[in-house]
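Protein sequence lines, in the order shown, are assigned to chains A and B.
In this text, residue positions in the first sequence follow our numbering: the first is 37, and each later residue adds one.
In this text, residue positions in the second sequence follow our numbering: the first is 3, and each later residue adds one.
Worth flagging that the hints you see were computed from the coordinates, not collected in a lab.
Note that this is a predicted model, so its numbers are computed, not measured.
Hints are not guaranteed to be accurate.
Capping the alpha-carbon separation at 25 angstroms, the derived lysine-lysine pairs in DSS-like fashion look like this [claimed, not checked]: (1) Lys191/B <-> Lys572/A; (2) Lys77/A <-> Lys256/B; (3) Lys592/A <-> Lys256/B; (4) Lys226/A <-> Lys77/A.
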Amino acid sequence: MSQEEDRGNNPPQQQKDLQPITIKPPPEAQWVNRAARFAQKGEKRTRYSLPASLDSASPIGYRTRISLTPEEVQQALALLSLERPTDFAAPQPIIEQELFEECSLGVLSSRQSTNYRGHKQVTLGPEDSEQISHILRSLKHKDAKVLARSSYTHIIFSKPYRTPFTMLLTLIGHKPFLNMLTVPLRAWRKKFSHIDDIPTIGYLQHLHIGILADAMERATVIASQGRRRAQVHMAPFCSDARRTENRALLRALEEICGLTSAERAQGWRVALVTQVGEAIPEERVKLPASLFRKMGANLMAYRSERIQPGVNQEEKAPEQYHARQSMDVPEELTVMAGRALYNAFAHWTGGDRERAKDLVLLERVDVLTPGGKERLRDIRKMLSDITDRVAKNIPLWADLPTGKAFSRNTARGKKAFALAGQRIYIAGLSKQDIAQSDLEWELAVRAIGAASARSALYCELMGSMLIPEPCDLLAGICMMAGPVNQNDIGKAFYGEKDLLIGKYPDRDPTSLLVWTLKAKTIADPIGNEEQLLNPKRKGALVDLRMGPHEAIRIKKFGNWGPIRHREGRLNQERAFWDMGNFVTGPEGREIPGNRGSAWPKAWSQEFVWLESLYPKAEQDD
Amino acid sequence: MDSVQRLEFDTLPSLGSAYRKVPFQRKPGIREGQTIPRIEAIVKGVKPEAQSIFEYAKICRFTSDEKHIPSIYPHILASPLHMMLVTHKAFPLKGMGLIHVRNVITEHRPIDYQETLDLLCFVEGHREAPKGVEFDLHTQVSSNGEVVWEGITTVLSRQKGKGQGNKKKEKKTPLPGGDPDCQRSALWKVPADMGRIYASVSGDYNPIHLYKWTAKLLGFPRAIIHGMWSFARCVAEVTGDLPERPLTYEVEFKLPILLPSTVLFSSQDEEDKLSFAIHSKDGSKPHLKGRIYSSPKA
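I would like the entire structure built from these sequences, with the hints used as guidance.
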């Protein structure tokens with residue numbers, strides 16, 4: 037029996053406290069911000085212009101970071117080291133508004149790839165939660181205690197990672213002429229047996245689940261202002277072997293959730309189950325109400341920051357992106373970010389921190405590390421060479437009819453692999469080490485996703501502390517799988533070695549994620565966000581941020597329905613809108629539609645499930 | 003002073019019959035020293051139809067509330083009486099070309115679905131306006147003798163030779179983007195058939211609201227949506243944020259909303275009132291502006 041499995045109790049508490057670390061702003065003369073403006077009539081819009089409008093059901097919108105005081109950051113760090121709840125108090129009804137905000141911080145905004153809609157959520161009330169608890173208790177390989185008295189339950193379904201990029205992958209690595217046969221064969225296996233072209237594409241699905249798990253745990257606390265806690269179960273739903281062992285129970289779960297055979301055929305599977313319940317008094321998270329709101333609004337604002345001013349900006353970028361800023365990420369911050377990472381890995385694998393430190397393979401490859409410059413150059417060259425080979429080897433019979441769309445996209449991908457930042461990390465795992473630690477590989481991959489997201493969040497939070505008035509932020513992060521996938525193409529088809537092999541030559545490493553940390557005061561152009569929200573910006577190539585009705589189904593009165601889709605209305609509310617952190621143009625002019633409108637109060641204040649469905653509160657609670 | 007003209011109805015008259023009269027009526031206009039005489043229209047014992055209220059609420063996006071009728075709905079009940087007033091032989095202005103420019107509604111208390119209502123509408127007097135003459139159509143809705151809802155519908159009758167100077171005004175280039183300081187802003191898609199849908203509930207089949215070709219006959223490039231739909235839609239949007247009744251709802255209609263359109267709704271909660279507006283999608287042209295505030299209790 038593996039080390040993390042079948043826990044009657046929660047894993048031991050291992051997380052070390054995090055401390056706030058201040059990022060010193062550059063000299064005042066270098067305080068630049070995005071200062072985006074609306075394109076004038078007749079002027080061509082670029083990614084640096086403000087969007088003309090926003091018509092979206094997503095709770096996110098175009099947001100700005102809210103500056104936090106050191107005291108607030110210190111308090112907020114409690115949200116980055118949450119331990120598992122040990123028990124739930126008597127369940128209480130939840131109002132729709134809180135459920136919406138919880139989901140906004142979870143499945144609707146979790147750091148998903150721009151073009152992967154790989155999650156959907158089913159949310160069930162107290163009666164079904166009871167039944168689900170029974171099923172959870174019977175599952176093998178549990179990673180946490182199944183708690184009684186949950187108020188409601190979220191079940192997340194996930195599907196294999198498929199995007200236009202993965203479509204391209206099917207065309208790679210074939211022999212001339214034979215490719216007429218091998219390409220359709222691989223496409224068939226991918227479509228119907230969900231077999232990935234390269235392993236790291238398969239891992240992406242699990243990285244995303246881990247990222248979501250970490251977000252959901254926090255989302256519950258923020259949305260309920262510390263009154264509720266979430267118990268996330270992931271381990272029983274990892275790996276084919278475990279799914280086979282738990283098959284009958286998983287089928288029962290799927291049946292409760294109304295998963296159709298068509299959805300199963302598309303690869304949708306239960307990825308995690310989150311029990312949500314009232315926190316027992318000693319496990320309530322006590323922060324000021326205003327801080328919960330600010331944190332919620334900031335989580336809506338955090339974005340991937342790809343541009344390091346004066347380093348990798350485009351030629352046509354506005355002036356403020358061109359000058360280097362005399363500021364840096366303090367070494368203490370990277371230490372704390374590492375601590376956050378190991379905390380999360382230990383938390384989600386149920387082991388101790390020392391084991392986490394041993395298992396997570398981490399390499400820093402920035403210019404400040406010895407030989408870092410050369411190493412970066414080598415990596416960039418390797419990735420570029422692979423891209424060129426890919427573009428060259430795409431079968432013409434597939435490329436030409438599409439107007440060379442495949443080879444063009446390949447070349448465009450180079451941008452996505454830009455390794456620019458003051459700290460650059462590659463994270464991965466060793467399969468043999470994971471096996472030796474009795475950990476399930478997929479669970480460890482999920483934990484890497486969660487850990488890197490937690491570490492990123494720590495950095496983003498520090499980048500929001502004492503932001504000088506005109507600036508957008510003090511630090512941002514860009515998390516990527518692109519370089520890893522590109523390296524994996526090289527490994528699978530062109531005999532390249534793993535990115536981490538240099539640092540871990542004896543451990544058969546598999547690199548999984550790369551992130552770059554940047555100290556700067558100017559946020560990326562809003563065009564980067566717009567492509568997530570405006571279908572006209574990128575067409576069908578980019579899926580859009582989901583509205584609640586697209587991602588979440590809820591069971592009420594025995595019937596299924598999407599949330600925030602009622603009487604012909606769809607959600608237009610932005611979560612935590614009351615914090616007012618919306619992008620505006622010069623003179624404070626608004627992006628039309630950006631602030632959204634309120635979901636009718638009569639509906640947002642009503643209980644999601646009738647009060648009578650909840651057992652009466654016990655006196656001792 | 004002219005004597006009061008009184009119209010009493012047993013049931014609500016149909017809007018259609020009044021509309022049919024409009025094109026054929028010859029009216030003298032308001033002569034020097036004259037004004038609009040008081041004309042009253044009364045109907046007692048009106049029971050709003052539940053289905054009609056439901057449809058109205060759905061179209062205007064009021065949330066389904068089984069107890070009370072939507073705040074703007076009584077205007078629908080009063081509309082046939084308004085038409086009876088302006089098509090009355092003693093009414094001196096032509097019905098064709100009248101423009102609904104403003105509306106003020108005071109909702110003294112929510113009206114229950116089940117209540118039987120008495121309606122009194124009247125018009126009296128006029129005032130000069132930059133583009134013509136304005137007059138008010140007053141509505142009082144009572145239940146068991148208690149006035150529960152009041153409305154003033156201000157209508158403009160354009161007069162030749164008036165308001166020409168305004169056209170020469172220099173047009174300012176509007177700044178792109180929505181109004182600063184709004185707290186909410188959302189884009190609404192108003193479909194091409196919204197005029198017909200609203201007409202089916204309100205009974206207001208004025209051709210300018212129906213089809214492009216019927217609107218063109220009356221000088222509009224496309225059909226336009228009813229102002230009272232836009233107003234009701236705004237009120238529905240902010241209903242959840244409103245305090246207890248009595249409330250006063252004010253609206254000023256600016257440019258008509260051509261169908262189909264995407265428009266920008268925005269609202270702002272101020273200390274003692276909630277203001278709202280509809281602009282064109284880019285925020286540059288105003289279609290409607292209004293505010294809602296608590297009115298003193300009677």
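| request: Could you check the structure against the hints above and give me the numbers of any it violates, in ascending order? | output: 3 and 4
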